[in-house]
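Order-wise, the sequence lines are chains A and B. The letter at position 213 of the first sequence is residue 214 when you use the working numbering, and the numbering goes up by one with no holes. The letter at position 151 of the second sequence is residue 152 when you use the working numbering, and the numbering goes up by one with no holes.
Heads up, a few of these hints could be off.
[Unchecked claim] Covered stretches of chain B (chain A as the covering partner; in silico rule of three or more C-beta atoms under 8 Å from a C-beta of chain A):
id	region
1	109-121
2	260-267
3	392-403
[Claimed, not checked] Derived list of chain B stretches under chain A, where covered just means 3 residues or more per stretch with a C-beta under 8 Å from a C-beta of chain A:
id	region
4	72-81
5	217-228
6	336-348
[Claimed, not checked] Over 12 Å on every C-beta distance to chain A, these chain B residues come out as not near it, computed from the model:
id	residue
7	49
8	93
9	165
10	368
11	370
These are calculated hints, taken from the structure and not from any lab test. Glycine included, every Cβ here is placed at the ideal spot set by N, Cα and C.
2 protein chains.
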Amino acid sequence: MAELSIDRFVDLYAHRTSGMSASEVRALFAVAARPEVVSLAGGMPFVEALPTGDILDVVQEVVDQQGAMSLQYGGGQGHLGLRERLAGLMAAEGVIGDPDDMVITTGAQQALDLIGKIFIDPGDLIAVEAPAYVGALTAFGAYEPRYLQIEIDDDGMVVDHLQEAFVRGERPKFVYTCPNFGNPGGVTLSYARRRQLVSLCREAGVPIVEDNPYGMLRFEGEALPALRTLDPDNVLYLGTVSKVFSPGVRVGWALAEQSVVQRLVLAKEASDLCGSSFTMLMTERYFSDEARWRGNLATMTELYRSRRDAMLGAINEHFPDGAMWTHPAGGFYVWVTLPEWFDTRAMLAAAVERRVAYVPGTAFYPDGRGGNRMRLAFCYPPEERIREGVARLGDLLEDEQVLYRSLHP
Amino acid sequence: MAELSIDRFVDLYAHRTSGMSASEVRALFAVAARPEVVSLAGGMPFVEALPTGDILDVVQEVVDQQGAMSLQYGGGQGHLGLRERLAGLMAAEGVIGDPDDMVITTGAQQALDLIGKIFIDPGDLIAVEAPAYVGALTAFGAYEPRYLQIEIDDDGMVVDHLQEAFVRGERPKFVYTCPNFGNPGGVTLSYARRRQLVSLCREAGVPIVEDNPYGMLRFEGEALPALRTLDPDNVLYLGTVSKVFSPGVRVGWALAEQSVVQRLVLAKEASDLCGSSFTMLMTERYFSDEARWRGNLATMTELYRSRRDAMLGAINEHFPDGAMWTHPAGGFYVWVTLPEWFDTRAMLAAAVERRVAYVPGTAFYPDGRGGNRMRLAFCYPPEERIREGVARLGDLLEDEQVLYRSLHP
């Protein structure tokens with residue numbers, strides 16, 4: 002599906018479709034499916050760690066006790082009992098939110114789409130951290146914004162650069178950031194920058210969209226307060242159960258002030274009427290047993306920590322001089338920066354030939370920069386496979402380096 | 002949630018939100034929830050007729066045999082096994098489609114949204130039958146089209162009127178219609194008009210969006226060929242399991258030519274990445290046992306037939322002279338036209354006071370016409386309640402008529 006065929010309706014499509022093309026991530030999912038390839042590409046949680054018995058209990062309870070409700074339409078805002086549970090889940094990260102101020106979405110991805118739908122007119126400026134989650138760029142992109150790209154470093158988004166843009170008179174509709182173990186950066190926004198960001202945005206009248214899928218997957222160190230906690234009025238907070246339970250239930254949410262929530266609900270109803278009652282009730286029940294979900298989450302987090310360690314160890318051992326990478330304290334991703342002359346997009350075919358896959362850096366920037374970068378995900382393959390994959394990639398990088406030096410003596 | 006509060010972000014919202022307001026249907030769902038009110042408003046299938054044991058079997062099989070897959074992300078096009086099953090379901094209505102040419106959506110509602118997303122630029126003309134499904138108007142409305150409204154009569158959309166519009170030089174991006182027991186009209190597009198519609202649209206280069214949620218809920222008479230069957234190249238066909246199985250699983254689909262499907266998949270990924278693997282596998286399994294689903298469908302269809310009969314009988318008995326109504330051969334709805342001076346929107350409060358609810362006709366027209374019309378749904382309440390509700394409504398209509406005549410002697 003890489004190329005769209007020309008068809009009889011070609012003159013009928015909306016302008017926004019010209020920006021829609023088969024993503025690099027999509028092509029990679031196909032590649033990564035071959036068993037001989039070690040995929041360090043996809044960000045799939047290791048759901049195999051969830052005990053089958055737990056899931057069976059949950060779905061049997063739903064069918065037995067809420068059978069008709071689970072098969073029926075529900076309201077556009079999402080099942081109240083689930084919103085109450087998810088408010089409890091947020092509270093475990095220190096984020097206080099009223100269930101009335103939440104809307105359940107089809108994963109946090111739909112919350113990004115709905116935010117685009119209610120805020121972005123074609124040509125509107127929005128600010129995004131750069132690199133940013135590719136799915137956020139895709140969701141917002143459908144509404145044809147212009148982008149203000151704010152670089153990240155080891156402390157997350159460089160808020161000074163946002164400030165400079167504000168001083169230049171730029172006023173984005175909102176600022177998008179993933180402050181905890183961001184995708185793809187793997188870095189965490191420092192406390193000082195969190196305070197700087199919220200006060201800067203509040204003063205400028207620019208809301209913040211805080212995307213927090215990975216916050217509960219912390220391997221070490223102390224959790225920092227959410228942006229939403231620092232400024233509840235000006236931050237739209239997005240959560241999801243995709244990484245702490247299952248992406249297959251497609252349950253995420255947005256927490257915002259009531260006037261925003263009401264618009265999100267209307268946009269949600271226009272998009273798909275309502276979420277799945279079945280998976281909403283299933284998710285509510287899963288999180289009703291705190292010992293169960295905390296136990297499973299601890300198991301998964303420990304697994305991800307070991308896999309991160311395996312990846313960082315292998316990178317350290319196999320990657321050539323001149324490569325730099327982030328050291329995530331949680332989440333799924335390591336972000337690698339190679340010497341400027343590398344082209345990770347062009348190199349991908351060779352990597353797949355050597356049976357390893359990654360996501361080229363260009364996927365994470367609206368303007369296609371990041372050609373010397375790549376995202377490596379440690380969430381899904383076992384440690385041994387991670388080490389194998391990184392070793393293969395290291396060999397390739399060495400060979401590329403040797404070739405380059407021979408051509409540029 | 003009827004009024005949106007003014008808020009600090011009021012200057013930041015996209016232009017399209019100005020057309021988003023709390024719908025009449027939404028307000029009614031809240032009202033209809035009170036047990037003393039007979040709701041003839043909502044179009045909820047009677048899922049209570051599905052045997053709990055069938056659902057339990059299905060979800061246990063999913064967890065036991067496809068546990069990890071059911072909890073994981075899937076591809077944007079939707080699970081292949083489910084597409085194959087749904088291709089079989091379509092074939093039962095004579096619609097032949099390749100699973101490769103299908104995309105699974107969150108109910109058919111999301112297919113409507115995605116069609117809006119890939120076809121409609123602000124100001125583009127689209128043609129819709131009038132009255133039309135309120136959810137289609139809401140979905141398309143988010144992309145800010147202009148509307149060409151084509152009236153219906155007892156034989157469905159009056160295709161001559163579309164032809165006249167084409168002769169005038171109007172060229173909509175597409176024509177939207179629900180040809181079988183339409184919502185809210187309850188009427189079925191005749192065979193002659195089906196042929197006229199597909200040849201007219203093919204000649205004009207205007208694709209047809211055929212929405213068919215109710216086709217398998219036929220009470221009597223012979224099924225007519227789908228528009229898609231008459232012209233596979235120029236018709237985008239939408240299906241859903243919401244009325245033949247469960248809306249709580251949120252499984253619908255679009256069948257279209259490959260170039261359209263590819264764009265729908267990209268738009269779907271931007272909107273919510275992928276559907277719920279859990280409910281997709283659950284739906285696939287439910288439809289894997291033909292005796293089971295056909296048996297349950299026959300039970301439900303028989304139930305709806307009896308309820309339709311109860312409703313038509315009660316309307317005939319209780320509604321005043323001058324009222325006209327459709328006689329649906331399937332589906333969920335009767336569409337009532339009252340004398341011109343009636344205002345069903347204004348009358349709704351009085352109806353709810355008399356413990357009966359309906360949907361005012363204005364909800365189903367983009368321009369707010371239809372003030373003397375109402376949609377009555379017979380799908381959910383038992384026959385006795387339907388008769389009660391219609392009797393209450395008949396009394397109200399009589400009283401309104403007496404009052405009107407006393408004021409206009």
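Broken hints, by number: Checked against the structure, the hints that fail are numbers 3, 5, 6 and 7, while the rest are satisfied.
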